[in-house]
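Chains A, B, C and D, in that order, give the protein sequences. First residue of the first sequence? That's 1 in our numbering, and the numbers climb one at a time after it. First residue of the second sequence? That's 1001 in our numbering, and the numbers climb one at a time after it. First residue of the third sequence? That's 2001 in our numbering, and the numbers climb one at a time after it. First residue of the fourth sequence? That's 3001 in our numbering, and the numbers climb one at a time after it.
Keep in mind that the hints were calculated from the coordinates and are not lab data. A couple of the hints might just be wrong.
Stated by the list, open to error - List time: in silico DSS-like cross-link candidates among lysine-lysine, alpha-carbon distance up to 30 Å:
| hint | chain 1 | residue 1 | chain 2 | residue 2 |
| --- | --- | --- | --- | --- |
| 1 | D | K3061 | D | K3101 |
| 2 | C | K2076 | D | K3468 |
| 3 | C | K2532 | C | K2371 |
| 4 | C | K2566 | D | K3427 |
| 5 | C | K2377 | C | K2490 |
| 6 | A | K100 | C | K2532 |
| 7 | C | K2490 | C | K2076 |
| 8 | D | K3295 | C | K2559 |
| 9 | D | K3295 | C | K2566 |
| 10 | D | K3101 | C | K2076 |
| 11 | C | K2559 | D | K3428 |
| 12 | C | K2027 | D | K3448 |
| 13 | C | K2563 | D | K3468 |
| 14 | D | K3427 | C | K2025 |
| 15 | C | K2111 | D | K3448 |
| 16 | C | K2566 | D | K3468 |
| 17 | D | K3295 | D | K3365 |
Said to hold, decoys possible - Rough simulated footprint, nothing fancy, chain A against chain C, three-plus residues with beta-carbon under 8 Å:
| hint | stretch |
| --- | --- |
| 18 | 2153–2160 |
| 19 | 2594–2606 |
To be verified - Simulated restraints on C-beta separations:
| hint | chain 1 | residue 1 | chain 2 | residue 2 | range |
| --- | --- | --- | --- | --- | --- |
| 20 | D | I3406 | C | A2514 | 48 to 54 Å |
| 21 | D | L3199 | C | K2590 | 23 to 29 Å |
| 22 | D | I3062 | C | I2631 | 46 to 52 Å |
| 23 | C | Y2565 | D | I3062 | 52 to 58 Å |
| 24 | C | D2570 | D | K3101 | 45 to 51 Å |
| 25 | D | S3048 | C | M2578 | 48 to 54 Å |
| 26 | A | G89 | D | N3023 | 54 to 60 Å |
| 27 | D | S3063 | C | I2631 | 23 to 29 Å |
| 28 | D | I3158 | B | M1073 | 43 to 49 Å |
| 29 | D | L3199 | C | P2284 | 55 to 61 Å |
| 30 | C | D2570 | D | A3184 | 40 to 46 Å |
| 31 | D | W3211 | C | K2566 | 35 to 41 Å |
| 32 | C | M2578 | D | D3103 | 27 to 33 Å |
Beta carbons are placed, not taken as given, at the ideal position from N, Cα and C, and that holds for glycine.
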Amino acid sequence: MTIGLTHYLVLSAILFAVGLAGVLRRKNLLMLFFATEIMLNAANIAFAAISTHIGDLSGQMFALFIIAIAASEVAVGLGLLILIYKKYGTLDLDNLSIMKG
Amino acid sequence: METVAFYLFSILITGLFLVTAFSRNILYAMSALAAGMVLISGLFFIMGADFLGAVQLVVYSGAVMALYAFGMMFFDATRDVKEKNSPAGIVFLLSGISAVILVAIFAAPKIGENIKALVTGTKGADNPHVIGEVLFTKYLVPFEVAAVMLLVAMIAGIVLASKKMDESLSEIYIDADPETVAKEEQK
Amino acid sequence: MENLVYIALFAPLVSSLFAALFAQKPKIQLVGIVTSILIGISLLASVTLLLDIHESGKAVSVTLMDWIQAGDMDIKFGFTVDQVTAVMMSVVTLVSTVVHVYSNYYMESDKSFNRFFSYLSAFVFSMMVLVMSDNFLGLFIGWEGVGVCSWLLIGFWYERKDETRDVNPSISPSWAANEAFIMNRIADLGMLVGIFMIYWNLGTVKYSEVFAHLDQLSHGMLVGIGIALFIGAMGKSAQFPLHTWLADAMEGPTPVSALIHAATMVTAGVYLVIRANPLYSQIPEVGYFIAVVGTFVAIFAASMALVNRDLKRVIAYSTLSQLGYMFAAAGLGAYWVALFHLAAHAFFKALLFIGAGNVMHAMHDELDMFKMGGLKKQMGWTFFYMGLASLALSGIYPLAGFFSKDTILEVAFNEHTYGIWFTLWLTAGLTAFYSFRQVFLVFFGDERYHEIGAHPHEAKAYALWAMAPLAILAVIFGFYKEDFVEFVTKLLPAYEMSEHTHHMVWILTLVTTAIALTGIIVAFIKYSKGLKRDLNFEQNNKLYKLLYNQYYIPVLYEKAFAKPYKELSDIAWQEIDMQVVDATVDGIAKAVETTGDVSRRAQNGNLSTYLKWMAAGLIFVTLITVISVVIK
Amino acid sequence: MSNILSVLIFFPLIAGVFGFFVNKNSIRVYGIVVAAAEFLLSLWLWMSFDTTDAGMQFVEKISLIPEFGISYYLGVDGISLFIVILSTLMTLLGIVALSIKEDLKNMIITLLFLEVAMIGVFVSLDVILFYIFWEFSLVPMLYIIGAWGGPKKLYAAIKFFIYTFAGSLVMLVGILYLAYIYHATTGVWSFSLTDWYGLLLPTDVQTILFWAFFLGFAIKVPMFPFHTWLPYAHGQAPTVGSVILAAVLLKMGSYGFVRFSLPLFPDASVAFILPIAILAIIMIIYTAMVAYAQKDMKQVIAYSSISHMGVIILGTFAMNVEGISGSIFQMLSHGIVSGALFMLVGVIYDRRHTKLMSEFGGLAKVMPTYATIFVVMTMASVGLPLTIGFIGEYLSLAGFFKVSPIMTILAGTSIIVGAVYMLSVVKKSFFGPLANPENEKLKDLDSKELWALVPLVAIVIWLGVYPKPVLEPIDNSTKALVQLMHKKAQTDKAKKIILVSKDAKEAK
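Working from the sequences, and respecting the hints, build out all of it.
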């Protein structure tokens, strides 16, 4: 059995689900960031796999841009996290609900 | 050989990411994440996306994880994260269902067969070479935008994180918790 | 001739507007004089027209201007003066002139003197429009116009407060005015429906065109129109069951009662039936119904007049009763007889009312006849006039009432409607009785007025002179019967008695005169020597109480219509409008608000929850996509 | 001056904007001058109006968004001409009679903007333009009620706004659907009403659209059971707000029926005569009863408005020239009479700061002129012949009599129940003894109030005696309208019920 596109896609789906589970479960903002990274990576895998499969580089390009975005996100996000932590002394989502309607 | 590598990587990645997602310790989680990313770059190499693999290694496993590591210094990373996790049922139900759906979609025979390339004819060429060509022709504008974005993000990161922590330019202290403020001042 | 028509019509309007200029000023004697003169001019014009038509035999028609033109409807202000109209105009303006002159005396110390004349002249104008119009809608203008003037005049002393029925059976002038207006409106709806029927079936509302094309209509339609118009007539002429307003209308100043509620306005209904004679002569069954209603009202009203102690109310009931006579005659097809009685009645009933006005002045507005008596000494002329009018009303030879009333009885006999004849005959006796009961109670017997501290005095000379024309006409009008018949039958169908009736006439006359005299004699025996009250009888006799309380009909109306309407209105407002309709609207708004309030809780500020919702949404959307793909 | 309609629309708009820069002390004069000029312009419109022409006149058409067929398209015919004049007149008199002290400047500017919206609604022939003005009219009214109103002003203002707005949104859907159908049928986009008149719709489509438009118009009229915003709006609005609301804004609904529902959906209109007539009869009788139950003078007039609008609706759905002309005339008559009555209530409210009839009684003695004008208006309101109120009511009822005699008799009770509540107001407020000592020193009408009211009295009597100058153009345009409907009617029932007048038939 050769490893085809489907295998990669399924792997990416599973990883995405793992990330999703993390996003949903974690209350610590930092952990949420990690989980988001997982989901981004899952998407990257799918992009790269399809790109390879059909011989179109666009997929890889997108993966590349995703990586760029992830990097920026981390840079800005971490800055914000630090601010939040300084202001509230916590990164726990349960304690960060000033937007309550 | 490829099969073995794929399964090995897959299992490892999944395991590591599970650790990331559910570990109580931030350090463990981060380490597992970094390891998982390295392994993903391995997957990319298997696929033949050499350049992407390299970028993954450099940017993700290197730069991003390093950023996290630096960022964590601001937090108390040694302590276990205390979370009041919401009922696991809903979480697993939601993520489980989405996993099932996604897997079902991707595994459906229709998907793999019906994908068609928009731009073909680049296969077999030297990967980084071709990428370079595509990146600086077809994707030039997005590339430049991404560059600007990274610059902005860098500046933003600096601005946000380098503020003097006890006095803010914005009014973030105005409705801050008085206890927290008191603590800050004690420090 | 056309100019005379306009003079007769617009002199009262000018008069009214002139008086209206000073309506808010204190009394100006000039206003009374000028208005009287203007109405007098109208009288002159009317009489000239009457004589002219008498000579030429031709009607005068004028068209003033367009009024309503919409679709195929084309209604103009058109006026026709024919025989019937000329008679009506002369009667109306004559009584009006007398009343105007008399009002100068009666209202001399009223602070709203000028306003009164303005209303009174406006009434005359409306009445003239009513009788002169050449189409049904023009008639309706006058019809409503007299209604409004009547409303204004009944409620003339608007500042008086509401009393209970025990103190004042009419409650208050303003209440009585509203009652009159609203009751008339009920009838007016009938009239309006009649006009609609005429319009949609014939395409016109002009008398001449309508009556010329009546044969195009089915019998059922004719009956419908006849009934609808008669309903209108019932309101204005206060026929049962819309009669209660007339007695309450006595709250108005007495000249008003004389003019509006005796001589002119209330006869408008009779005028309508006479005017529509081509219609009613084709539907004898409706005519018979009208006659029956008239007969019933005649005896019904007369019975109430028997026991009432209120001077004006007695005359009001008697008016009602006499209107019944007129309807009986008109319903039986004797239109000229009805018109004749209308004119005769106008003269002697106005006279009677004006006399009552003199008495009221003398008694300081006391109306209870039981508190009068023996006024003959101080008020000889008034006694003479009222006695004369009462004789005429009772139908004693040779006064006008004898001729007119007798003819109505003959008609009833001639038509073999013996029930009607008998009832009217009986009513004639009752009429004589209550008329003279009134005369004797007021002018004969012991002087009970000392108890209320009144100092009776005779009316001023010019007031008494003003009454003279009416008195003279009440005496001599009957002798012009033949001329009258000849004149009006040029327009109205001639009514011939059968041979049999001709032979019976002298017996009928004798019988009628006999019962009238009996009535007078009974009244004389019982009341001329002074008042002997039987309190036990008054308090315990059921029949007496029934009659005295007008068969409890006003109370019944109050309980059956006015009160439930008020309560229903309150329910409609508070229960239905507020609690159902508006509450539904507010309920919808509330539901939206509640939904928002509930869904607001989802916005709890916790990112985790949002993320869960997001995941759920993701699943939802992908599921739908998958399903839709699979189904395809 | 062929673009007089644009002038009519934009003059108050510009004047309103300039109003912001006018000195506070002279704003009243400014407002009166502007409104008077506008009124004179509208009279000029009437003078140069060709009364024999039944079609649209003074037409202006400038394409705005040609891709969608939306244009700036104005025109006036006999049906809308007098409502335009009524709008300018009532605005003028409303400003003359203004007794508000606070924020007078904003009030006058708001009224001028309101005038723009009102005129815009009645002269727009492009449906999108119509809809914009229709909705825009809500805003100034919202301000007037919400800013100068009584104690429950916010509730009333918001209820008024949201209720009518909800209705018009449904109408908007109808408009868009109709435009879509027009596009599907002809292949071009157009929102021009005159284009739409040429469209023959299948009856089932007509039904849907009829009810969509119905909801928008019915809430505005307001028809039972959508009427409950009106008593609150009137009860809380300042006098001038009530005057304009009753006189003009309600007419937008009934005008909509005549302008849109009848000619666009003749078959559906005929098919739904029965339910609408039933609603109208409920409006007439039920709201008259509710009016009778009121304790507040202004609420009586407010509910009486609904009752009278019932007659208008009935006349509109008579489907013959008599009824429709009558209902249009009744719109004017009701505008003038109810406007005057609201002004009159405002007069006593200014003096006593209460509208409860139990506080009054015997006012005729201290305020005779006031009482006289009130009685004249009462009589016009109950439809006395030779006043303006009679002609419209008579024609509407006469028209509907052709459709259903029984229902006309039921509706005709309006002349009875109308008299009941109006006369009881007069009796309770003006007659009887002067019981309340606070009323003893009341002043009669001052010159400002007389200036506002006497013209209305004059109109009431003038148009009652000689309605021809107004009725004739209305009648001409109505004849054309009915003919159009008859031509468009597809079902046999509609052909039978829509009654073309005889002379129009002959003219053919």
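Checked hints:
Between D/K3061 and D/K3101 the CA atoms are separated by roughly 42 Å; this puts the pair beyond 30 Å, and the hint is violated. Among the hinted pairs, C/K2076 with D/K3468 is consistent with the structure: their alpha-carbon atoms are about 11 Å apart, no more than 30 Å. With a CA separation close to 12 Å, the supplied pair C/K2532 and C/K2371 stays within the 30 Å bound. Under the criterion of a C-alpha separation no larger than 30 Å, the hint pairing C/K2566 with D/K3427 is consistent with the structure, at around 15 Å.
Of the supplied pair hints, the one linking C/K2377 and C/K2490 is violated, its CA atoms being roughly 48 Å apart against a limit of 30 Å. A hinted pair counts as satisfied when its Cα atoms are at most 30 Å apart, and A/K100 with C/K2532 does not qualify at roughly 94 Å. A C-alpha spacing of about 26 Å is found between C/K2490 and C/K2076, which places the hinted pair at or below 30 Å, so the restraint holds. Among the hinted pairs, D/K3295 with C/K2559 is consistent with the structure: their alpha-carbon atoms are about 22 Å apart, no more than 30 Å.
With a CA separation close to 12 Å, the supplied pair D/K3295 and C/K2566 stays within the 30 Å bound. Distance check on the hinted pair: D/K3101 and C/K2076 sit about 48 Å apart at the alpha-carbon level, beyond 30 Å; violated. A hinted pair counts as satisfied when its Cα atoms are at most 30 Å apart, and C/K2559 with D/K3428 qualifies at roughly 21 Å. Between C/K2027 and D/K3448 the alpha-carbon distance is near 28 Å, which keeps this suggested pair within the 30 Å criterion.
A C-alpha spacing of about 43 Å is found between C/K2563 and D/K3468, which places the hinted pair above 30 Å, so the restraint is violated. Pair hint D/K3427 plus C/K2025 holds up; C-alpha atoms about 23 Å apart against a cutoff of 30 Å. For the hint pairing C/K2111 with D/K3448, the CA-to-CA distance comes to about 28 Å; that is within 30 Å, so the pair holds. Between the alpha carbons of C/K2566 and D/K3468 the distance comes to roughly 40 Å, so the proposed pair goes past 30 Å and is violated.
At roughly 21 Å between alpha-carbon atoms, D/K3295 and D/K3365 fall within 30 Å of each other, so this suggested pair holds. Three residues within the 8 Å Cβ limit are the bar, and the stretch 2153–2160 of chain C against chain A gives 0, so the coverage statement is violated. Judged by the Cβ-Cβ criterion of 8 Å, the stretch 2594–2606 of chain C is covered by chain A as claimed, because 5 of its residues qualify and three suffice. Between D/I3406 and C/A2514, the C-beta spacing of about 51 Å keeps the proposed range 48 to 54 Å intact.
Separated by about 41 Å at the C-beta atoms, D/L3199 and C/K2590 break the suggested range of 23 to 29 Å. Range check, D/I3062 to C/I2631: Cβ separation about 50 Å, and the 46 to 52 Å hint holds. Between C/Y2565 and D/I3062 the Cβ separation comes to about 56 Å, which falls inside the hinted range of 52 to 58 Å. Between C/D2570 and D/K3101 the CB atoms are about 37 Å apart, so this pair departs from the stated range of 45 to 51 Å.
The hinted range of 48 to 54 Å is satisfied by D/S3048 and C/M2578, whose Cβ atoms lie roughly 49 Å apart. Checking the proposed 54 to 60 Å range against A/G89 and D/N3023 shows it holds: the Cβ atoms sit about 59 Å from each other. Our hint of 23 to 29 Å for D/S3063 and C/I2631 is violated, since their Cβ atoms are close to 46 Å apart. The hinted window of 43 to 49 Å between D/I3158 and B/M1073 is violated, with their beta carbons roughly 55 Å apart.
Remark: the range hint 55 to 61 Å for D/L3199 to C/P2284 is upheld by a beta-carbon distance near 56 Å. A beta carbon spacing of about 53 Å between C/D2570 and D/A3184 contradicts the range 40 to 46 Å that was offered as a hint. For D/W3211 paired with C/K2566, a C-beta distance near 37 Å keeps the hint of 35 to 41 Å intact. In this structure, C/M2578 and D/D3103 meet the distance hint of 27 to 33 Å, their C-beta atoms being roughly 32 Å apart.
When held up to the earlier numbered hints, the structure conflicts with 1, 5, 6, 10, 13, 16, 18, 21, 24, 27, 28, 30 and fits the remainder.
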